[in-house]
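Going down the list, the sequences are from chains A and B. Going letter by letter, the first sequence gives residues 1 to 248 in the numbering used here. Going letter by letter, the second sequence gives residues 1 to 351 in the numbering used here.
Please note: incorrect hints may appear among the correct ones.
Computed cross-link-like contacts, DSS-like style, restricted to lysine-lysine with a CA-CA straight-line distance of at most 25 Å [said to hold, decoys possible]:
hint, chain 1, residue 1, chain 2, residue 2
1, B, LYS232, B, LYS198
2, A, LYS21, B, LYS232
3, B, LYS317, B, LYS146
4, A, LYS115, A, LYS175
5, A, LYS47, A, LYS153
6, B, LYS268, A, LYS140
7, B, LYS268, A, LYS153
8, A, LYS181, A, LYS148
9, A, LYS21, A, LYS6
Since the hints were made in silico from the structure, they are not lab data.
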Amino acid sequence: MSPIHKVIIVDDEPPARAILKAYLKKFSEFEVVTECANGFEALKAIKEYQPDVLFLDIQMPKVTGLELLDVIDDPVNVVFTTAYDQYAIKAFELNAIDYLLKPFSEERFADAINKLKIKLTNGTKDVISVQTIQEEIPEKLDRVVVKKGSQLKVLRLDDILYFEAQSDYVMVHTKEERFLKSNTMAWFEKQLPEQQFVRIHRSYIVNSDKIEKLEPYDKDTHLAVLSQEVKLKISRTGYKKLKEVLRF
Amino acid sequence: MNHPILSRLKVFRLYALLWAVVVLIHSVVLWNFYNIEPIAALMDGFVFNFFLFVFGIEIWYPVFYIDIKKGLIKGITQHIFAGAILIWLWQFLSQTVLSFFLDDRLFSILYTNESLTVRVVLGGLMFLVFTLVYYMLIFFDNIQQKEKEQETMQRLLRETELKALKAQLNPHFLFNSLNSISSLTITDSDGARDMINKLSDFMRYSLKKNENAFLPLREEMKNMARYLEIEKVRFGDRLNCVVENCNECSDLKIPVLLLQPLYENAIKHGVYESIEPVTIRTFCKVVDGELEISIINNFDPEGIVHKGEGVGLENVKSRLYYLFNRQDLVEVNIENNFFEVVVRIPQLIEK
Chain A
1 MSPIHKVIIV DDEPPARAIL KAYLKKFSEF EVVTECANGF EALKAIKEYQ
51 PDVLFLDIQM PKVTGLELLD VIDDPVNVVF TTAYDQYAIK AFELNAIDYL
101 LKPFSEERFA DAINKLKIKL TNGTKDVISV QTIQEEIPEK LDRVVVKKGS
151 QLKVLRLDDI LYFEAQSDYV MVHTKEERFL KSNTMAWFEK QLPEQQFVRI
201 HRSYIVNSDK IEKLEPYDKD THLAVLSQEV KLKISRTGYK KLKEVLRF
Chain B
1 MNHPILSRLK VFRLYALLWA VVVLIHSVVL WNFYNIEPIA ALMDGFVFNF
51 FLFVFGIEIW YPVFYIDIKK GLIKGITQHI FAGAILIWLW QFLSQTVLSF
101 FLDDRLFSIL YTNESLTVRV VLGGLMFLVF TLVYYMLIFF DNIQQKEKEQ
151 ETMQRLLRET ELKALKAQLN PHFLFNSLNS ISSLTITDSD GARDMINKLS
201 DFMRYSLKKN ENAFLPLREE MKNMARYLEI EKVRFGDRLN CVVENCNECS
251 DLKIPVLLLQ PLYENAIKHG VYESIEPVTI RTFCKVVDGE LEISIINNFD
301 PEGIVHKGEG VGLENVKSRL YYLFNRQDLV EVNIENNFFE VVVRIPQLIE
351 K
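Just chain B, with the same shape it has in the complex (with noise of 0.2 Å):
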């Protein structure tokens, strides 16, 4: 974050011109309450405010950078070492100034110990205005940052339904799919209905969960096998689905459509390429707390790398990424002619 009053020309005329303001009420007081002659009050009100003014701007680098989540007594010591200094700077330097401007008789006028307590203590207190403000000032900072933060997680996820619902309505998966139901209708009537209604099933789920964020893996599994089993209708024996060890993690959660463009690439890569038969296989456990999904894969090695591949596993990290800012979340292995996509996904404690 930038010094709030330095980074804004705007905020440092206003500061300016409130401690103009200041000054003069400072200066009129002490002459008409403490009968101080004009010029020493406009003097003392002038130069006593002006390197509180300074010193404002100050005290914004020591809250910036004591951090306080690192101990709080710490935090709290080096704030008051850091006022101390201030402090008796700032007196040192107004009475300096003062007393080569001012005569001696001025100078002890304004300068009686009475008074050097009450500048005291009122210099404290104006610190710990400004740090509370400043610290103010980074919380709000923060909230808004993470609320951008958040924003852009939003984006993100529409994307990713945006892209989902794409994959649905390509002609690669809907039409095909399609064209497979009305096969189905002269060989196999109640196939036909099987997979009108997992498609229906498939579709209706991506349209209508977007504002949860996270389901139960239970209920992520149940539409990714509808998906895996309308392509193993289109693809007979050329596609195979195992899934192991997901029911002792069905109740853990997961963001919605997170494995869906996994799937989707294991198919465009594995299937659409390959003459031989492909087996996608997923495991789940559970590792340090967390939920961590494992897709495999064969493939034909020969096969060629189409241009645009990637986007779809770029879009799980970065959706990760922004769910719990890390990006050690996804790992890709590539052996031989087997392509692995593991992902963890750390579990949220829900009270």
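Same shape as in the complex, but just chain A (with noise of 0.2 Å):
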């Protein structure tokens, strides 16, 4: 007999959760563990459960569907269920599972579920890498997701200080607090804001709204200050960015 493989549903729409769960009942492999209604609930369930397959909604409230996935460390196999078909092509193309279009018909859930056992069997989880997906979208992003322990934070791009770079990592700092994300310095130079966020350096991207004032540091380098504790060093390329965007 095949092991019970554990499934988490993630949807704020009840009657949503309910045909997954609806559909669920005829693969007696897959046990439905736990539903969320948002990321907050998910990320914990996560946590605690250790599933095997998720099935994921991606227009929640606060924290997207994809910002969620991002942010989780343990592997799953994740197919999407969404209204939206924008964000399908990518996802097709790495490794997700499967996208459902909702609404969608009992045969191609069957489908999907094929395509689970196949991946099942042969034993990896996979991690899609949300980056690639959200690559494809051109806007720019409006907020950042990043998770404290088992808790989502959703912070809006007016409170970060700055993003620094970390061998493979990248620090996000707040006035109080930071976190640490996944993505490149390279990701996020191209999904913030231009004008509002500036690569001063290699190893930092300064929200300029928060610069208090340029310091000189030696001969032809200068100083980012913040506040009197954080004072960023801005290169010869990263002055000449941040004379256009501060336009002195």
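Since each chain comes alone in its own frame, lean on the hints to assemble the complex.
Structure (structure tokens):
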């Protein structure tokens, strides 16, 4: 007998969760361990249950399915369920097991289950690189979702002081706290609104609204002073970019 | 409105041509029937009518600047006064010019007491004709202006309908609603049937009701209730709707589909972006004979404001502006985590 696969359903609309549960009843090797109405609940549930499969809606309050996936460390197989088709193309190229467009038929759902079964018997769980999916969306970021323990936090861009390179990660600094994100500096540089966020140095992207003043550092480099404690080095090219944005 | 003669070269040429013909007729009549010497007849025809030509253009200004609506008697007095001045000026100028060019003998033949009376009466008639023609031009121009405004309003209404239709056909609403129905067919088939009916009625309402610009509030609220009930099935406890006091106002008239964008906003910015339950409250009352509707919803102040917001609200504003020519009919209040839109709809008196 094959092992039971743990499933978590994440969708903010109760009927949408109900139909997934109803369809899943016919597949005894899948068990719905819990269902969540938003990203915050989902993150806790994933930590707690370590599911094999996630049925994930994209458009949800405060944190989208894509943003949630971005902060999950544990590998999990994801089937997207959404009324939007604009995220689909890349999701297929990547390792999303399937992408169900609402409303979907039972046959279409069974296809997704078959794909899941193949994936699960082959044994590996994949994490979708959300970065690549989101790169297809032309709109700029208007918030950054981070994780603190098993809690999700949504940071407004206005609350972010600067981004700092940390080997393969990026540290997001706010006034009180800092958070690690698995995206790259180059990705952030591209996704953040360029009128507000400036790559002033190999290691820093700064929120230009937060700069209090610029101080000379040595012969031809400067420091961006954000507060008494926070002073960031500015490279020569970074200084040029800053000059354009701040218009001085 | 610009000067009807001076603002268009074509009209000005025609006007000048007309007076040239009048000069000719005038001179020929004097020469043939009154046996006046050709030179004098031509001179008189030219001078007499040249000043009429100038004053004809001038008469536009009193017509344009005197506002009859501020008082009929006052307006007419002002016109008579302006007319008297013009006629006196016209006689004075033409006599001065003629006496300069003609000798006393010819001048005295042309200007007898009798002829002066005829001239003044003729001038008065001219003044009257010009004034009336100008009034008619203004009148027709106003009608045209009104038609243009009407057209703009019609276009706006069509746009609203199109937007309402698109709102129903967007993936947020339509596909998620269909997904809910699909789900209900398994768990609650009566509920599924109910929702299909509501969805159909809701969509039919906006497709069918295009021509009637105004409907009783009762019907509009009934349609909005369908919309909100559909959303309630989708969101369950996260969405609550309360409608208060609307019974008293149910016969008052409201532009069709006016409230749709407002409820849509409440759902989009309230429910879509909030984890906590959102309550949409609707209050109706009559203030100074105008229907006042207030729609209030709580929202998550930490939610991110997305681009493209406020399009629906702007649309409601401009529709009311074109219908009533007033910009004070929509009011938005944001307090703590409550968003309120107050719309006032003047009631057109129907006989």
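Hints, verified against the model:
1. Distance hint between LYS232/B and LYS198/B is fulfilled; the C-alpha atoms sit about 12 Å from each other, no more than 25 Å.
2. A hinted pair counts as satisfied when its Cα atoms are at most 25 Å apart, and LYS21/A with LYS232/B qualifies at roughly 20 Å.
3. Distance check on the hinted pair: LYS317/B and LYS146/B sit about 20 Å apart at the alpha-carbon level, within 25 Å; holds.
4. With a C-alpha separation of about 45 Å, the suggested pairing of LYS115/A with LYS175/A is violated against the 25 Å cut-off.
5. In summary, the hint linking LYS47/A to LYS153/A is supported, as the alpha carbons are separated by about 16 Å, within the 25 Å threshold.
6. As the CA atoms of LYS268/B and LYS140/A are separated by approximately 20 Å, the hinted pair is consistent with the 25 Å bound.
7. Between LYS268/B and LYS153/A the alpha-carbon distance is near 21 Å, which keeps this suggested pair within the 25 Å criterion.
8. At roughly 11 Å between alpha-carbon atoms, LYS181/A and LYS148/A fall within 25 Å of each other, so this suggested pair holds.
9. Taking the CA atoms of LYS21/A and LYS6/A, the gap is about 13 Å. The hint holds against a cut of 25 Å.
In summary, the one numbered hint that this structure violates is 4.
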